[in-house]
Amino acid sequence: MSASEDSQNLAVKHQLSAGHPAPVEKRADLTDGDGDGDHILESLGYVPELQRNRSTLQVAFMAFVLASIPYGLSTTLSNPITTGGPANIIWGWLAVSALIVCVALSLGEITSVYPVAGGVYYQTFMLAPMRWRREAAWVCGWLYVIGNISITLSVIFGTTVFLVSCINVFESSPGVGVLAGEPYQVFLIFVGLTLLSNAVSALGNKWLPWLDTAAIFWTFAGVIAIIITVLVMAKDGRRDASWVFTHFENNSGWTDGWAFCVGLLHAAYATSSTGMILSMCEEVRKPDVQVPKAMVLTVCINTVAGMLFLIPITFILPDLKYLADLASAQPIPPTIKAAVGSSGGAFALLIPIIVLGIICGIGCITASSRCIWAFARDGAMPGSKWWVIVNKRLDVPLNAMMLSMVIQLLLGLIYFGSSAAFNAFANVGVLTLNAAYATPVVINLLTKRRQVKNAKFPLGKLGYLANFVAVA
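Under numbering that gives the first Met the number 0, the sequence shown has 228 at position 229, and the numbering climbs by one with no breaks.
Hints may be right or wrong, so weigh each one.
As the list claims (entries may be wrong) - In silico SDA-like cross-links for lysine to any residue, where the CA-CA straight-line distance does not exceed 20 Å:
| hint | residue 1 | residue 2 |
| --- | --- | --- |
| 1 | Lys320 | Glu248 |
| 2 | Lys205 | Leu195 |
| 3 | Lys452 | Val288 |
| 4 | Lys391 | Ala198 |
| 5 | Lys292 | Thr212 |
| 6 | Lys205 | Asp37 |
| 7 | Lys205 | Val389 |
| 8 | Lys447 | Val468 |
| 9 | Lys285 | Pro457 |
| 10 | Lys205 | Gln50 |
| 11 | Lys292 | Asn52 |
| 12 | Lys292 | Leu56 |
| 13 | Lys205 | Arg392 |
| 14 | Lys460 | Leu445 |
| 15 | Lys292 | Val303 |
| 16 | Lys285 | Lys452 |
| 17 | Lys447 | Lys460 |
| 18 | Lys447 | Phe467 |
Keep in mind that the hints were calculated from the coordinates and are not lab data.
Model the full assembly from the supplied sequences, consistent with the hints where possible.
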């Protein structure tokens, strides 16, 4: 970055603290111009630096990849199995999905007014009253950044743990997997996947929309292959429909009500990436229209994909106590192995989920690097001048990406002290991201939705209902 470009961006990023946003009506007019979103970005006080190379479908596909439903629902399935069984798996997924639809609608409406890579923290700043907008945006921004990094870490670490469990469908002796899964082995695999995912995200940026598109077809082909095979073979038999949809079995030691709520973290983890796509707003053509549509469309697709995956898997679940007590906390590999009766066949069916986990990690790295870059652009991070630099050859915020990668590798060392590290990373990510998503929605309600009255993605009379449900 040249000195002139650097000084220009330093001047632009402080416009956020000036507290003088362009009128909503003016922004709406600007987006009717060339349609590439740069006019509206400039009206909000920023210089366009990233290429807009994604269409509505491509950004929807990326949002789908960020959730990667079969992967997300597989790696955390031990939660509802332990805290309620089938009833928690099926109805918990539907309940959380209904809430996430309202989150997507609420954030989509706000994003159609403020389509900036800063996402929810920038929206918080613009919606909040002048006297405390900077403080609110700062808190929301750090929640958003921590959530992005934590979820990205949990995805890559989750893929690592899942891969180890998949390898161990092959046994050296009855009940003993071929890979010991020592902490150093798990950590080395994690490092390898982290480096691979960051390399693909950085070096293959222009090809990522096509990778996301391929992931859609890969996902549905993989899910279809898995559900048909396990239902047809079902070596250990099939559960009846009554058990699948109504059986509640709590093996957690907590009260049933509390256990059910804890089990919802399974679905919450799989849908926690909903708002991460906002960080891609400055790489999308007509983001004020495309990003909101993509978010809502993706949540609906994910809900259906989740049911298509969870219902057949629940029909062939073995003994729940056995699954709850697994040392790996990964019930999908042994469940599929029991259904097909073959280690090789089980591993072949698990490959689509492993690959999807890797692609999900790449997508999360891409989104989180934009989140860090945007926060640094507004001068809110220590060392912002380093993290705000965009590599012109790769067209990515490479420094921000490397910062995120180093933090993740360092946090991965926690696994040497606790095998529960994956759950900790996932829980922190879910809680911080959802708190960040709720912040602009709450402020929108408190200000009587005045700032979204001319939104390109209007909710109209349904807005209050969607907002209330989203923050419930």
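Right, here's what the structure says about each hint:
{"no.": "1", "hint": "Lys320 to Glu248", "in the structure": "9 Å, holds"}
{"no.": "2", "hint": "Lys205 to Leu195", "in the structure": "17 Å, holds"}
{"no.": "3", "hint": "Lys452 to Val288", "in the structure": "15 Å, holds"}
{"no.": "4", "hint": "Lys391 to Ala198", "in the structure": "16 Å, holds"}
{"no.": "5", "hint": "Lys292 to Thr212", "in the structure": "17 Å, holds"}
{"no.": "6", "hint": "Lys205 to Asp37", "in the structure": "19 Å, holds"}
{"no.": "7", "hint": "Lys205 to Val389", "in the structure": "15 Å, holds"}
{"no.": "8", "hint": "Lys447 to Val468", "in the structure": "16 Å, holds"}
{"no.": "9", "hint": "Lys285 to Pro457", "in the structure": "16 Å, holds"}
{"no.": "10", "hint": "Lys205 to Gln50", "in the structure": "9 Å, holds"}
{"no.": "11", "hint": "Lys292 to Asn52", "in the structure": "17 Å, holds"}
{"no.": "12", "hint": "Lys292 to Leu56", "in the structure": "9 Å, holds"}
{"no.": "13", "hint": "Lys205 to Arg392", "in the structure": "11 Å, holds"}
{"no.": "14", "hint": "Lys460 to Leu445", "in the structure": "16 Å, holds"}
{"no.": "15", "hint": "Lys292 to Val303", "in the structure": "17 Å, holds"}
{"no.": "16", "hint": "Lys285 to Lys452", "in the structure": "19 Å, holds"}
{"no.": "17", "hint": "Lys447 to Lys460", "in the structure": "12 Å, holds"}
{"no.": "18", "hint": "Lys447 to Phe467", "in the structure": "12 Å, holds"}
The earlier numbered hints are all upheld by this structure, with none contradicted.
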